[in-house]
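Student: Since the structure of chain A is provided, determine the placement of chain B on it from the hints.
2 protein chains.
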Amino acid sequence: MAKIAVTDGLSDEAVRILQSAGHEVHIKHHEQSEINNGSLSKFDAVVIRSATKLLSQQIMASVSDDGGIRFIGRAGVGVDNIDINTATKMGIIVCNTPGASTSSVVELTIGHLLASTRHIVTADRTMRNGEWSKKRLRGSEIGGKRLGLIGLGRISRGVAQIARSFGMEIHAYDPYVEEVPGWITMHEEVDTIFSSCTHISIHCNLTEETANLVNSSRISMMPGIGLDGTKCGNHIVSCARGGIVDENDCSDALSNGQLSSLALDVFSTEPLIESPLMNHDGFHGSPHIAASTLEAQSRIGTEMASLIIQFFKTGKTDYSLNNV
Amino acid sequence: MAKIAVTDGLSDEAVRILQSAGHEVHIKHHEQSEINNGSLSKFDAVVIRSATKLLSQQIMASVSDDGGIRFIGRAGVGVDNIDINTATKMGIIVCNTPGASTSSVVELTIGHLLASTRHIVTADRTMRNGEWSKKRLRGSEIGGKRLGLIGLGRISRGVAQIARSFGMEIHAYDPYVEEVPGWITMHEEVDTIFSSCTHISIHCNLTEETANLVNSSRISMMPGIGLDGTKCGNHIVSCARGGIVDENDCSDALSNGQLSSLALDVFSTEPLIESPLMNHDGFHGSPHIAASTLEAQSRIGTEMASLIIQFFKTGKTDYSLNNV
Chain A
4 MAKIAVTDGL
14 SDEAVRILQS
24 AGHEVHIKHH
34 EQSEINNGSL
44 SKFDAVVIRS
54 ATKLLSQQIM
64 ASVSDDGGIR
74 FIGRAGVGVD
84 NIDINTATKM
94 GIIVCNTPGA
104 STSSVVELTI
114 GHLLASTRHI
124 VTADRTMRNG
134 EWSKKRLRGS
144 EIGGKRLGLI
154 GLGRISRGVA
164 QIARSFGMEI
174 HAYDPYVEEV
184 PGWITMHEEV
194 DTIFSSCTHI
204 SIHCNLTEET
214 ANLVNSSRIS
224 MMPGIGLDGT
234 KCGNHIVSCA
244 RGGIVDENDC
254 SDALSNGQLS
264 SLALDVFSTE
274 PLIESPLMNH
284 DGFHGSPHIA
294 ASTLEAQSRI
304 GTEMASLIIQ
314 FFKTGKTDYS
324 LNNV
Chain B
4 MAKIAVTDGL
14 SDEAVRILQS
24 AGHEVHIKHH
34 EQSEINNGSL
44 SKFDAVVIRS
54 ATKLLSQQIM
64 ASVSDDGGIR
74 FIGRAGVGVD
84 NIDINTATKM
94 GIIVCNTPGA
104 STSSVVELTI
114 GHLLASTRHI
124 VTADRTMRNG
134 EWSKKRLRGS
144 EIGGKRLGLI
154 GLGRISRGVA
164 QIARSFGMEI
174 HAYDPYVEEV
184 PGWITMHEEV
194 DTIFSSCTHI
204 SIHCNLTEET
214 ANLVNSSRIS
224 MMPGIGLDGT
234 KCGNHIVSCA
244 RGGIVDENDC
254 SDALSNGQLS
264 SLALDVFSTE
274 PLIESPLMNH
284 DGFHGSPHIA
294 ASTLEAQSRI
304 GTEMASLIIQ
314 FFKTGKTDYS
324 LNNV
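In order, the protein sequences belong to chains A and B.
Here the working numbering = 1-based position in the first sequence + 3.
Here the working numbering = 1-based position in the second sequence + 3.
Hints are computed from structural coordinates only; laboratory data are not their basis.
Errors might be hidden in some of the hints.
Note that the list lumps identical chains together, so a pair holds whenever it fits in one copy or between two copies.
[Stated by the list, open to error] Below, in silico cross-link-like pairs of lysine-lysine (DSS-like), each with a Cα-Cα straight-line distance of 25 Å or less:
{"hint": "1", "residue 1": "Lys138", "residue 2": "Lys31"}
{"hint": "2", "residue 1": "Lys319", "residue 2": "Lys234"}
{"hint": "3", "residue 1": "Lys234", "residue 2": "Lys316"}
{"hint": "4", "residue 1": "Lys45", "residue 2": "Lys234"}
{"hint": "5", "residue 1": "Lys234", "residue 2": "Lys92"}
{"hint": "6", "residue 1": "Lys234", "residue 2": "Lys6"}
{"hint": "7", "residue 1": "Lys319", "residue 2": "Lys138"}
{"hint": "8", "residue 1": "Lys56", "residue 2": "Lys137"}
{"hint": "9", "residue 1": "Lys31", "residue 2": "Lys137"}
{"hint": "10", "residue 1": "Lys138", "residue 2": "Lys92"}
{"hint": "11", "residue 1": "Lys138", "residue 2": "Lys56"}
{"hint": "12", "residue 1": "Lys234", "residue 2": "Lys56"}
{"hint": "13", "residue 1": "Lys137", "residue 2": "Lys6"}
{"hint": "14", "residue 1": "Lys45", "residue 2": "Lys137"}
{"hint": "15", "residue 1": "Lys316", "residue 2": "Lys137"}
Chain A with its partners taken away, still in its complex shape:
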């Protein structure tokens, strides 16, 4: 039976499932310095979220002559905090739970989009300040507008389906996908998403290619006038990863009116303490909570528990991010 380190938390239900299967679960955060000193090498598996970084140095420190970790579980989706190549070289399998948080991220994305176009956050703030700001809070509809999706994976397709039910026309850019439903207009270049869409939602990974993809130059291409002729302005939302949206450029675009709204769940530096974005009514933010729902955390936990149980029983999993 395996010794499992859980460094960033896991659902109670998942812990019970693992224990029932006979595994030993140690829930405790390991500081980066402890990991560098080999604190994980006494375990057979480690389950992390985004707070723990397992880059090359940490992975090398987590294996030992007589064993060490053979399984890295990312309870969630993004694996930019794991050096998968090093894991593969060391024979460590890496699994995440890519589908478990999809619906939660889809719902927050649509929520942020509507909160932007209808000034929901400003409405409440002004009301709490004793102001009845009905006149200056005229919004616009998302129906009849174009939604541009950067990246067209699971979450993005979920957003597309809901947005379509609101009457949006769906456009997307993703050089890595092939099968796409006929009602999504695919673009060959990311720039034409910006030049044709008043509403844009980000759903790609953070890579060298996508870093600061949303910048002044591209925002300046956005049309401001909707497909239906409404002067609805330009709106951007991201629940993907910090660093894809250039926050300073967006702050400038909110100042000069090229951008009407920006809603972000992710930031280039987290926790976000200070930002020029805070000066704008057109901005609202949330502290990386797209997967923070009871449902997503429960599904993430039970999926991760299944993967671990399967791995330590059979030596492999139905699904993994690398082949070892």
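Tutor: Just chain B now, with coordinates in the frame of chain A:
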């Protein structure tokens, strides 16, 4: 050609259409005392929103021996500010624009619902206060839950369709409708909506029957546990009319935890200056902006202009709220 008083504003486009058709448009707010003194009796038609009240006294003061108003246009939906019976007796036709704002209200309703279940307003407020409150902002998904609709007219059906695309199960109470799609479960009693639904949206008119319909007793029936078994709590949203939701009872229910969230666009007293609701993170509000979009105001204006032009050309309209 008709002299038209516009007391609460109308879109520029609508004014141009009316002028092009040869009508005289006077845009000016009339105080209640002026109307009582007959200020509208010099006009052939009046177009109001919600700010102007045309009850029996005001209507009687707006007709004169040699004419006075023959057309009351409500640029919008709700006509609780117009005494239609008196208008009918005096031979005045009353028209509103019921479909023009439907999409806008549907979008705000869904936006408010998601803002509630995902703490969007609190997320931004805490972030602006320098707090990264990720841990305490765990939300829940609307997918897999029951949505109870009180009233099943145009707006409610639009909300139902979108909510269904999120994976909600739709329940409704409306003693006045007959044809309902098979995927909506109709209830015979309003109480069973409360006892079976964790999420409720209000879409009825304000009448004696619906005043304070949402009260402590009914909120206490709500299940707190979703159809999918998630302890998601209870959530209520209203973009209908103030007075249907008992705000004091809701404040109590937010205090004792029976209600997890309440989002209101309408209040028993507007403008809302002070309210015990403001003490709760679970509450957020907007200042009656459900129809305040560029699109709705444009459609309201052009529909109203068409009705007026038709009336003064043919003596009738394709659609009206009374028969004269």
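Student: Next step is simple, just say for each hint if it's right about the structure.
Tutor: Cross-check of the supplied hints:
For the identical chains of this complex, Lys138 and Lys31 are inter-copy neighbours only, at 17 Å across copies versus 52 Å inside a copy, given an alpha-carbon limit of 25 Å. In the homo-oligomer, the alpha carbons of Lys319 and Lys234 never lie at most 25 Å apart, since the shortest distance is 55 Å inside one protomer and 34 Å across protomers. In this assembly of identical chains, Lys234 and Lys316 lie within 25 Å of each other by CA distance neither inside one copy nor across copies; the values are 60 Å within and 33 Å between. In this assembly of identical chains, Lys45 and Lys234 lie within 25 Å of each other by CA distance neither inside one copy nor across copies; the values are 61 Å within and 37 Å between.
In the homo-oligomer, the alpha carbons of Lys234 and Lys92 never lie at most 25 Å apart, since the shortest distance is 54 Å inside one protomer and 43 Å across protomers. Proximity of Lys234 and Lys6 under a CA criterion of 25 Å is satisfied in neither setting, with 59 Å inside one chain copy and 31 Å between copies. In the homo-oligomer, the alpha carbons of Lys319 and Lys138 never lie at most 25 Å apart, since the shortest distance is 61 Å inside one protomer and 33 Å across protomers. For the identical chains of this complex, Lys56 and Lys137 are inter-copy neighbours only, at 19 Å across copies versus 47 Å inside a copy, given an alpha-carbon limit of 25 Å.
In this assembly of identical chains, the alpha carbons of Lys31 and Lys137 lie at most 25 Å apart only when taken from different copies (19 Å versus 49 Å within one copy). Within a single copy, Lys138 and Lys92 get their C-alpha atoms no closer than 62 Å, and across copies no closer than 35 Å, so neither meets the 25 Å cut-off. In this assembly of identical chains, the alpha carbons of Lys138 and Lys56 lie at most 25 Å apart only when taken from different copies (19 Å versus 48 Å within one copy). For the identical chains of this complex, Lys234 and Lys56 are neighbours neither inside a copy (45 Å) nor across copies (32 Å), given an alpha-carbon limit of 25 Å.
Neither within a single protomer nor between protomers do Lys137 and Lys6 lie at most 25 Å apart by alpha-carbon distance, with minima of 58 Å and 29 Å respectively. Proximity of Lys45 and Lys137 under a CA criterion of 25 Å is satisfied in neither setting, with 61 Å inside one chain copy and 31 Å between copies. Taking CA atoms no more than 25 Å apart as the test, Lys316 paired with Lys137 passes in neither setting, with 61 Å inside one copy and 35 Å between copies.
The structure does not agree with the numbered hints 2, 3, 4, 5, 6, 7, 10, 12, 13, 14, 15 stated previously, though it agrees with the rest.
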